[in-house]
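Novice: The residues making up each chain are set out below.
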Amino acid sequence: MRDSAFRVAPEDVYAVPMGGQWLLFSPRNLTSALVNRAAVEAVATCANGNAANVPETVRDLWQQLSETSAIPFRPPSPLEKLVIIPTRSCNMRCVYCDFGTPGAHATTLDPQLACRLIENVAAKPPSTAPAMLRIHFFGGEPLVARPCVETVVHYARMACARTGLTPWFEITTNGLFDPTAVPFIGDYMDSVVISLDGAESAHDFNRRRADGGGTYSAIAANIRRLSRSPVELSLRTCVTSRSVDAMTAIASHFCSEFEFDLLCFEMLAPTESARDAGLSPPDPYRFAAGVLKAETLAASHDVHIIHGPSELTGPRATSCPVGRGTLMLNPEGMLTACYLEAERWTSRGLDPVFGRVDPVSGPMIEQQKLDAIASLLDSKPRCARCFCRHTCAGGCHIEQTPPGCSLEYDDRCRAIRIITAGRLMRNLEGTTAAEAFAEQPSAMRGVAENPDDRLTAWTLGVKRRGL
Amino acid sequence: MKPSCQVSWFVETRGVTLCSRDGSVRHSIPYPHAGLWALIANGHYSTAYASELMSVLMSVGRQEAEREVEETLAAWMQAGFLSEE
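Protein chains in written order, with this note's numbering: chain A, 40 to 506; chain B, 59 to 143.
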């Protein structure tokens, strides 16, 4: 008999209404089941400690849901990867951009600072096997500062060769780069993320050159060139109120036009510049339905659809780099916890900067600040009753669930809840069932708005809602 | 200058390995010089940029890096790894 101390706590098993059925989900061990009302009531009885009079099959189900997790919980690790931001400036003028361009500081990172950081990290490799040094280039547009990127890549590879680490490089780029960069990216990057917002006219409305001209054709040509290299290629699409109903068509277009591995859909953030351009975030129900419907189509092309906070990768404390021990080096040589500009944190009374890299002494980290940032993950009152709490883990800790945020789900929560439930249903019943769920607004609304998913609160919740 | 058409190369963890087309010659270029080869192979070479890169990779001053670049290129040219444009 297993020690009860190692079992999943009853409060960590959830029951979510899905049409006429109930989805039972234990995020700690990723066990799920689709059951009827009588079964969920019986399982809830077990969760509340009264297993004696329930049928054996129900006890077995409860046993599986509360089984010790075979999947290790991913606590914040000391160091998962380095993010190097060579510049915040960009060669494009996307209408919704909230990263400060074109007014962004023109500062380019001194590559020697990145090298000092790499030297320091490589000297104390992580204890994980295989020992890797993971570096992600982000911007602005990192390839605007291509010499910095190249220098850092070669220095890191040299440090890895010396210390026996395996290097791994990723770059997030707008794709509007000189084609001469393609051989470098193909030879030295392991993963490339390129932003593409749909077919030509939709993309060109959102993502423009400095002179207002379109960027689709140049980016598409670079994607095709990169497809010939062994790099993992991801396309990232920002979905707006204008494009939300075209998500399946976008996936179809990309899959027929390009060879790539992952398609990442993201909801537009409600920025001032987006509003000025007449864009608003997509309706969460239509967005979630779009993700679920696009998955089947993309899978037939061996393309995996990604929605970061809704990935069923196992229990985790964060679905973004914050709190994951990521060191981000910005162009000014400061070490920060987040891709967002510092101003977005300070407007919430928070400080993302926890150190800097000194050209002589190397990285200087204020552990107290790092601990304060990690503590952001601990207190999420809004998430306490949500079945996604250990997979989404609060989403963006600054924009979605900052300290003091309301207890009500926001639109991002709604989309995440529907996508997560739909994916669980797909795993249980197949893609047809998941697609059917995505066609039922009332079923999606039932998932999105259920105020308390905890199985231990099920009886109370059902009574309260008169279900 | 550019890689000789008689030479193919592949990137590996510790640097770059060159092979002659007929397979008779195999030559490893470890770091830091593998960084210099990458600039030439990827068509992004300029004397100033190469010296700057080597200065960072070798942790030496600019003049020493320039000398290193010059000598390395001369050696690669002589070995037939590089050809003029």
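Be careful, since some hints might not be right.
Below, a sample of chain B positions facing chain A; criterion: calculated Cβ distance under 10 Å [to be verified]:
#: 1; residue: Cys63
#: 2; residue: Val69
#: 3; residue: Cys77
#: 4; residue: Gly81
#: 5; residue: Pro88
#: 6; residue: Ala92
#: 7; residue: Gly93
#: 8; residue: Ala96
#: 9; residue: His102
#: 10; residue: Tyr107
#: 11; residue: Glu110
#: 12; residue: Leu111
#: 13; residue: Ser117
#: 14; residue: Val118
#: 15; residue: Arg120
Straight-line alpha carbon distances no greater than 20 Å define the calculated SDA-like cross-link-like pairs of lysine to any residue that follow [unchecked claim]:
#: 16; chain 1: A; residue 1: Lys163; chain 2: A; residue 2: Val221
#: 17; chain 1: A; residue 1: Lys408; chain 2: A; residue 2: Arg424
#: 18; chain 1: A; residue 1: Lys332; chain 2: A; residue 2: His343
#: 19; chain 1: B; residue 1: Lys60; chain 2: A; residue 2: Tyr227
#: 20; chain 1: A; residue 1: Lys332; chain 2: A; residue 2: Met373
#: 21; chain 1: B; residue 1: Lys60; chain 2: A; residue 2: Pro222
#: 22; chain 1: B; residue 1: Lys60; chain 2: A; residue 2: Val221
#: 23; chain 1: B; residue 1: Lys60; chain 2: A; residue 2: Lys408
Simulated restraints on C-beta separations [stated by the list, open to error]:
#: 24; chain 1: A; residue 1: Ser339; chain 2: B; residue 2: Glu142; range: 46 to 52 Å
#: 25; chain 1: A; residue 1: Glu271; chain 2: B; residue 2: Tyr107; range: 55 to 61 Å
#: 26; chain 1: B; residue 1: Val83; chain 2: A; residue 2: Ala308; range: 50 to 56 Å
#: 27; chain 1: B; residue 1: Phe68; chain 2: A; residue 2: Ala162; range: 42 to 48 Å
#: 28; chain 1: B; residue 1: Phe68; chain 2: A; residue 2: Glu405; range: 56 to 62 Å
#: 29; chain 1: B; residue 1: Asp80; chain 2: A; residue 2: Thr471; range: 52 to 58 Å
#: 30; chain 1: B; residue 1: Gln136; chain 2: A; residue 2: Met171; range: 48 to 54 Å
#: 31; chain 1: B; residue 1: Glu70; chain 2: A; residue 2: Ala308; range: 48 to 54 Å
The hints are simulated quantities; they were obtained by calculation from the structure and are not laboratory data. Yeah, the Cβ is synthetic: ideal placement off N, Cα and C, and Gly gets one too.
Novice: A separate judgement is required for each hint: does it hold in the structure or not?
Specialist: Hints and how they fare:
Checking Cys63 of chain B against chain A: minimum C-beta separation of about 16 Å lies over 10 Å; hint violated. Here the hint on Val69 of chain B is kept, as its CB sits about 5 Å from the closest CB of chain A, short of 10 Å. With 10 Å as the threshold, the beta carbon of Cys77 of chain B stays out of range of chain A, its nearest partner Cβ sitting at about 15 Å, so the hint is violated. Hint on Gly81 of chain B is violated. Least Cβ distance to chain A is approximately 21 Å, over the 10 Å limit.
Evaluation of the Pro88 of chain B hint against chain A yields a held restraint, the C-beta minimum of about 7 Å falling below 10 Å. Of the supplied interface hints, the one on Ala92 of chain B holds, with its beta-carbon coming within about 7 Å of a beta-carbon of chain A, less than 10 Å. This hint holds: Gly93 of chain B has a C-beta 4 Å from the nearest C-beta of chain A, less than the 10 Å allowed. Evaluation of the Ala96 of chain B hint against chain A yields a held restraint, the C-beta minimum of about 7 Å falling below 10 Å.
Contact between His102 of chain B and chain A, as hinted, is supported at the beta carbon level, the nearest pair being about 6 Å apart and thus within 10 Å. This hint holds: Tyr107 of chain B has a C-beta 6 Å from the nearest C-beta of chain A, less than the 10 Å allowed. The closest approach between the C-beta of Glu110 of chain B and any C-beta of chain A is roughly 7 Å, which is under the 10 Å cut-off, so the hint is satisfied. Because the beta carbon of Leu111 of chain B sits about 6 Å from the nearest beta carbon in chain A, less than 10 Å, this interface hint is met.
For the restraint placing Ser117 of chain B at the interface with chain A, the shortest Cβ-Cβ distance is roughly 9 Å, inside the 10 Å limit, so the hint holds. Nearest Cβ of chain A to the Cβ of Val118 of chain B: about 12 Å, over the 10 Å cut. The hint is violated. Restraint check, Arg120 of chain B versus chain A: the minimum CB separation of about 13 Å is more than 10 Å; hint violated. A C-alpha spacing of about 32 Å is found between Lys163 of chain A and Val221 of chain A, which places the hinted pair above 20 Å, so the restraint is violated.
Between Lys408 of chain A and Arg424 of chain A, the direct Cα distance comes to roughly 29 Å. Violation of the 20 Å bound is thereby established for this hinted pair. The suggested pairing of Lys332 of chain A with His343 of chain A holds, with an alpha-carbon distance near 12 Å, which does not exceed 20 Å. As the CA atoms of Lys60 of chain B and Tyr227 of chain A are separated by approximately 19 Å, the hinted pair is consistent with the 20 Å bound. Restraint check for Lys332 of chain A and Met373 of chain A: not satisfied, since their Cα atoms lie roughly 42 Å apart, outside the 20 Å limit.
Taking the CA atoms of Lys60 of chain B and Pro222 of chain A, the gap is near 14 Å; set against the 20 Å cutoff, the hint holds. Among the hinted pairs, Lys60 of chain B with Val221 of chain A is consistent with the structure: their alpha-carbon atoms are about 17 Å apart, no more than 20 Å. Only pairs whose Cα atoms come within 20 Å are accepted, and Lys60 of chain B paired with Lys408 of chain A is rejected, the gap being roughly 49 Å. Distance hint check: the CB atoms of Ser339 of chain A and Glu142 of chain B are about 50 Å apart, consistent with the given range 46 to 52 Å.
The supplied range of 55 to 61 Å is broken by Glu271 of chain A and Tyr107 of chain B, whose beta-carbon atoms lie about 28 Å from each other. For Val83 of chain B paired with Ala308 of chain A, a C-beta distance near 55 Å keeps the hint of 50 to 56 Å intact. For Phe68 of chain B and Ala162 of chain A, the Cβ-Cβ distance of about 28 Å falls outside the hinted range of 42 to 48 Å, so the restraint is violated. Distance hint for Phe68 of chain B and Glu405 of chain A: a CB-CB separation of about 43 Å, inconsistent with the stated range 56 to 62 Å.
Hint check: Asp80 of chain B to Thr471 of chain A, Cβ distance near 57 Å, so the stated range 52 to 58 Å holds. Restraint check, Gln136 of chain B to Met171 of chain A: a C-beta distance of roughly 38 Å breaks the suggested window 48 to 54 Å. Between Glu70 of chain B and Ala308 of chain A the beta carbons are some 41 Å apart, a value that contradicts the proposed interval 48 to 54 Å.
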